[in-house]
Amino acid sequence: MVAVELKQMIWQIVALIPEGKVATYGQVAKLCGYPGYARYVGQTLKQLPKDTLLPWHRVINAKGKIAFPVNTQAFQSQAMRLHDEGVKVIAGSISLKQYAWDGIVSEP
Numbered sequence: 000m001v002a003v004e005l006k007q008m009i010w011q012i013v014a015l016i017p018e019g020k021v022a023t024y025g026q027v028a029k030l031c032g033y034p035g036y037a038r039y040v041g042q043t044l045k046q047l048p049k050d051t052l053l054p055w056h057r058v059i060n061a062k063g064k065i066a067f068p069v070n071t072q073a074f075q076s077q078a079m080r081l082h083d084e085g086v087k088v089i090a091g092s093i094s095l096k097q098y099a100w101d102g103i104v105s106e107p
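Residues 0 to 107 in numbering that gives the first Met the number 0 are what the sequence shown spells out, letter by letter.
Keep in mind the hints are simulated off the structure, nothing from the lab.
Just the calculated beta-carbon pair ranges, DEER-fashion: (1) V3 / M79: 26 to 34 Å; (2) A90 / Q11: 26 to 34 Å; (3) E4 / Q97: 27 to 35 Å; (4) G32 / A90: 30 to 38 Å; (5) V3 / K96: 32 to 40 Å; (6) P34 / I103: 14 to 22 Å; (7) V104 / N70: 30 to 38 Å; (8) A99 / K45: 20 to 28 Å; (9) Q46 / P68: 12 to 20 Å; (10) G32 / N60: 14 to 22 Å; (11) G32 / Q75: 31 to 39 Å; (12) E4 / H82: 29 to 37 Å; (13) A14 / K96: 22 to 30 Å.
Backbone N, C-alpha and C define an ideal beta-carbon position, used for all residues, glycine too.
Starting from the given sequences, assemble the full structure and let the hints guide the process.
See the structure below:
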C-alpha cells in the first residue's frame with residue numbers, strides 16, 4: 000500500500016512544479032516525506048504513459064542535468080519541452096540557481 004500512496008504523492012508533487020521551473024528527483028522525494036528515495040521518483044516517472052499530461056520533464060538530477068543519455072529521443076524530448084517553457088538547457092544542463100523550484104505552491 001505504501002508504494003501506491005507514494006506514487007500518488009510523487010505525481011501530485013510533480014504536477015505542482017510551475018512552468019519554467021525544475022525540481023530534482025531528490026527534492027520531489029523529500030517533499031513527499033521520503034528523503035533518500037530519489038531513484039524511486041525516477042523509476043515512477045519512467046513508468047508514466049507516453050501520453051501523460053504530468054510535467055515529468057521538469058524533474059532533473061541533483062547535478063542540474065537531464066538524466067537521459069544524450070542523443071536519445073527521451074533526452075531530446077525533455078530538453079525541447081524545457082526550452083519551450085523558457086528554461087535554458089545547455090548541453091543537457093540546467094542552472095538550478097536560476098530555474099530551481101522552491102517547493103512553494105503559489106495561490107492562483
